[in-house]
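Student: Top line first, the protein sequences correspond to chains A and B.
Quick note: the first sequence uses our numbering, first residue 108, plus one each step.
Quick note: the second sequence uses our numbering, first residue 564, plus one each step.
Worth flagging that the hints you see were computed from the coordinates, not collected in a lab.
Given the structure is predicted, the values throughout are model-derived calculations rather than measurements.
Think of the CB as a built atom: it goes at the ideal place given N, C-alpha and C, for glycine as much as any other residue.
Keep in mind that the hints are not guaranteed to be accurate.
16 Å max Cα-Cα, derived EDC-like pairs, lysine to aspartate or glutamate [to be verified]:
1. B/K1315 <-> A/D166
2. B/K1275 <-> A/E211
3. B/K1026 <-> B/D1182
4. B/K1026 <-> B/D933
5. B/K1030 <-> B/D926
6. B/K857 <-> B/D933
7. A/K157 <-> B/E1193
8. B/K1016 <-> B/D860
9. A/K157 <-> B/D1182
10. B/K669 <-> B/E634
11. B/K671 <-> B/E703
12. B/K1300 <-> B/D1182
13. A/K130 <-> A/E211
14. B/K1016 <-> B/D1139
15. B/K1320 <-> A/E211
16. B/K1016 <-> B/E1147
17. A/K157 <-> B/E718
18. B/K721 <-> B/D860
Footprint (simulated), chain A over chain B, 3 or more residues, beta carbon under 8 Å [as the list claims (entries may be wrong)]:
19. 806-818
20. 1144-1156
21. 1191-1202
22. 1276-1290
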Amino acid sequence: MEVLMAIVIGILFMCATYLMLSKSILRIIVGTGLLSHGAHLLILTMGGLKQGAVPILSDAAGVYVDPLPQALILTAIVISFGVTAFLLVLAYRAYQELGTDNMERLKGTDNHE
Amino acid sequence: MTSLHWAVFAPFILAIFVPLLYKWFRGIHTGWFILFLPVLLFTYFANFISVTMQGQSVTKSAAWIPSLKIEVDFYVDGLSLLFSLLITGIGALVILYSIFYLSKDKEKLNQFYVYLLLFMGAMLGVVLSDNLIVLYMFWEFTSVSSFLLIGYWNEREKSRYGALKSMIITVLGGLSMLGGFTLLYFMGETFSIRTLVSQSGNLFEHSLFIPALLLILLGAFTKSAQFPFHIWLPDAMEAPTPVSAYLHSATMVKAGIYLVARLSPIFAESGVWLWLVSAVGLLTLFWGSFSAIKQTDLKGILAYSTVSQLGLIMSLLGLGAAALHYENLDDNIFMAATVAAIFHLINHATFKGSLFMAAGIIDHETGTRDIRRLGGLMPFMPITFTITVIGGFSMAGLPPFNGFLSKEMFFTSMVNVLQLDIFNLETWGLLFPVIAWVASIFTFIYSMILVFKTFTGKAQLEKLERKPHEAPIGMLISPVILASLVIIFGIFPNLLSATLIEPAVSSIQPALADHDFHVHIAFWHGWTTELKMTLGVVLIGGILYITLAKWKGIYDLLPSRLSLNGLYDGTLSVIDKGTSLLSEKVMTGSIRRYLIYIFLFFFVVLGISLFQKDAFQLDTNNLAPIGIFELILAAAMVIGSISILFAKSRLTSIIILGAVGYTVSLFFVLFRAPDLALTQLVIETISVALFLLCFYHLPKLSSRKEERMTFKLNNALVSIGVGTVVTLIALSAHSQKLFDSISSFYLENAYKEAGGKNVVNVILVDFRGLDTMFEITVLAIAALGIFAMIRLRLTRRNDQP
């Protein structure tokens, strides 16, 4: 299973990289979204995908899955959401002010020091 | 802090008060307040003569950074005393001269004297420091203060050019010297020069010996304007004349000479040292005297003549190193080279100082320094003429002036080279006296040009800005004193020999301390080879001077573009253009370009080190089984993420991104992470909504083609590389578990210690609650930021220029 996940994550990273290299700012943000999905799955996979119970203590289960990566991922999800939301509004405002979403055109102007 | 420390730091302290003195006493020339200090210091240092004459030395220590072995140790022996006396003595004369040279009303005197005092203190620090790092610190102080003094008239383009050039070249050398000092520290475990000298025998064996030697010599050569680093000195002539007289003839340019002399006991055992110092010195001597003749500016001639005389001293110091290689010191003929170097050092300071001051007077009283416009000044300026004749004839090496004696001693040493049987000098050594002799002929010619083209012939009064007349008496005092010294040292050279020269020579050749060594400079030393050489110089030089107009054309044969200055300017502009071209090529301003750099770096560094270090492993023992649901979800995710790449509209790509996010949350369900699945589901929904909002606010896409992303092969290659590296690293990281997880602790204690059954939540708010707090902060900042971006609309400042 881990081998399969590693390959899936690699593909996620590949697609994310490809999207981040494009010109449109929206695609770049889509790329960062994919990248964070890849990273979250990577953390989970690295923690080990052994079968076990949900990490909610009960008398029935003896073996649980590792709770620590889950806590880390939960934090990471929230942070990447905050950053993504900020980036999106930034892109929206940049489009409103500058009239383009093409990254190649978003360069410093000549009179800009 | 001892009195010696106060003496070195006194100029710095006085420099603090100069602006106040300048402001409070506008009626009085600020220089008068400064003058007392060098006089005081000169008498203070003169007191040491009785100590050094007995072969003693004085060391005064003060702690600075003891943990790094950096101490402010000052050390007075014959060599440093000689330099201190030169610095303070000529410093006093130069300040006296500058009082009359610089106008009280037109010049920024406060700046001038601050810089000059900084320089004086720094120079004293250089010659008195025993600690190499302290020496380096003062060395760079001299570079900086010299930079400020050369650029004193900073409204002039040429001043700024000259200042920058001297700064670049001397700091280049200074830094390499610091490298050499550091290597010396590695070899000797100390920064103290005296301690290093005492273990010089061991250092010679060390593999870093030659690199240290070369680096330190580079520093000394750049400071002392040796070939090919002499090019800054002629351009430094844009400085006020008192500065040229002080820095660029008597003191700063001798800092390199001082360094070579001071470190001779450490390095002189090496043949590299002997050859480099003496050959570079000779080359400089020749090239400086050859180039001086074509100059038309008085200070230009003096600058090249300084270069050439510094080369002469340097070559003598190099030959003096040969003395180390002979057992019998009592009648050692090579010791004479060191004696000649020290003697000529004193002589050069006297006659070159007076010549510069005379040139300044001519400039001041006629408004030009161009020898093509000068001439016939003798009736107008008899005293200046006398000074120039004395200085010029001494520089040419004519009796009865002191330059004659040191030139004779120079010839002696050069002829003695023929008797050296070390380091291949027996074959190539013949070049030494020949080059020296030819250079002396050139020296004779430019000295004559300096004296006679300026003062004899027909006066061209219509070409001069002012009617020439004799300088005020105050301006003449300093050059007259120096010119008198030229004559006194010429007629009574032994005044110096016991007091200054012998102690200085025994500092350079410490082995002498045990010997009964006496310098005796005889004015008439018999009908010797040297005298015949001098006669030849006068004869041939005289003929060449008279026929100067006929052969001066050879200087035009050398195209000006091939000069060393052209090389310097070319190098600077190539570096300038090259770096700006490089940054234009690399820093394009395109974010895509920068991302490619980052990803390529990631791919190359991680990918290569993965295989270089043989880190890739695949362990299939400990894998979880693959279920049918996992397989389906994995397939959905792969198809989804790849199809984003080919999505034709952005709407499609956003929806597919949402689908991928929901697949992720399904994975979380499968991998037994309910909290994650919940959060992921909610957040993915909000994200997609936000994306759609954003998308909605973009204009109708009719104006822009909703085109597929331009397919770029290199983008694809880079991303495939990144994806592969991530997969490989994930696989090998998973295959090499070094120790067990600490999660058993959380599982055991979640209920016992924290009273919760949901272990993930207990970790988030109890075991690792700090993470959560700052995660909340992140969200708050993001929310505030979004709010601020939407609400705060400052008008763009386009209307401003």
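Student: For the pair supplied as a hint, B/K1026 and B/D1182, confirm whether the alpha-carbon distance does not exceed 16 Å.
Tutor: 95 Å, violated
Student: Holds or violated: B/K669 with B/E634, Cα cutoff 16 Å?
Tutor: 43 Å, violated
Student: Take the segment 1276-1290 of chain B, compare each residue's beta carbon with every beta carbon of chain A, and decide whether three or more fall closer than 8 Å.
Tutor: With 10 residues in contact (Cβ-Cβ under 8 Å with chain A), the coverage given for the segment 1276-1290 of chain B holds.
Student: Sort out whether B/D860 lies within 16 Å of B/K1016, counting only the CA atoms.
Tutor: 11 Å, holds
Student: Against chain A, does the segment 806-818 of chain B show at least 3 residues with beta-carbon separation below 8 Å?
Tutor: Our answer is that it is violated, as 0 residues pass the Cβ test (under 8 Å) against chain A, missing three.
Student: Between B/K1320 and A/E211, does the CA-CA distance stay at or below 16 Å?
Tutor: It is violated: about 52 Å lies between the C-alpha atoms, which goes past 16 Å.
Student: Check whether the Cα positions of B/K721 and B/D860 lie no farther apart than 16 Å.
Tutor: Given that 16 Å is the threshold and the Cα spacing comes to 14 Å, the pair holds.
Student: Are the Cα atoms of B/K1275 and A/E211 separated by 16 Å or less?
Tutor: 15 Å, holds
Student: Given the hinted pair A/K157 and B/E1193, is their Cα-Cα distance within 16 Å?
Tutor: 13 Å, holds
Student: Would you check the hint for B/K1016 and B/D1139, treating anything up to 16 Å between C-alpha atoms as holding?
Tutor: 42 Å, violated
Student: Please work out if A/K157 and B/E718 have their alpha carbons no farther apart than 16 Å.
Tutor: 78 Å, violated
Student: Given the hinted pair B/K1300 and B/D1182, is their alpha-carbon gap at most 16 Å?
Tutor: 10 Å, holds
The earlier numbered hints that this structure contradicts are 3, 10, 11, 14, 15, 16, 17 and 19.
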